[in-house]
Amino acid sequence: MSTSGNAPTYRTLLQILEVLDKEQLDCVPTVYCSATDEYLPIDRFVFASGQNQVLDTDHPYFQIDA
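Everything in the sequence shown is counted per our numbering, starting at 2 for the first residue and increasing by one.
A couple of the hints might just be wrong.
Stated by the list, open to error - Here are the in silico distance ranges between beta carbons for each label pair:
(1) ASP22 to LEU56: 26 to 34 Å
(2) GLN64 to THR10: 14 to 22 Å
(3) GLN52 to GLU24: 34 to 42 Å
(4) LEU41 to ALA8: 15 to 23 Å
(5) GLN52 to GLU19: 32 to 40 Å
(6) THR58 to GLN25: 30 to 38 Å
(7) TYR40 to THR10: 18 to 26 Å
(8) LEU21 to GLN54: 31 to 39 Å
(9) LEU26 to GLN54: 29 to 37 Å
Calculated directly from the structure, the hints in this document are not laboratory data.
We put the CB at the ideal spot given by N, CA and C, even for glycine.
Could you put together the complete structure from these sequences and hints?
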């Protein structure tokens, strides 16, 4: 659904999730890394704390323990 140069948003992600069936919604969220040709599971859904120096406080992100 995303095109090159078009960064997806959480709103776009929600639109995609709303069309998935129950089986797909039960799958572990997975990210593809084209640099290493690997599929990595998302380990946690996290919100940035005030100690994060890159993201604003409460910015949602996905954590991967690679």
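How the hints compare with the structure:
ASP22 and LEU56 have their C-beta atoms about 32 Å apart, which keeps the hinted 26 to 34 Å range intact. In this structure the hint that GLN64 and THR10 lie 14 to 22 Å apart at CB holds, the actual value being about 19 Å. Distance hint for GLN52 and GLU24: a CB-CB separation of about 38 Å, consistent with the stated range 34 to 42 Å. For LEU41 paired with ALA8, a C-beta distance near 19 Å keeps the hint of 15 to 23 Å intact.
Taking 32 to 40 Å as the suggested C-beta distance range, the pair GLN52 and GLU19 conforms, at roughly 33 Å. Range check, THR58 to GLN25: about 32 Å between beta-carbon atoms, so the 30 to 38 Å window is met. The given range of 18 to 26 Å is respected by TYR40 and THR10, whose C-beta atoms sit roughly 22 Å from each other. For LEU21 and GLN54, the Cβ-Cβ distance of about 34 Å falls inside the hinted range of 31 to 39 Å, so the restraint holds.
For the pair LEU26 and GLN54, the supplied restraint of 29 to 37 Å holds, since their beta-carbon distance comes to about 34 Å.
Checked against the numbered hints above, the structure breaks none of them.
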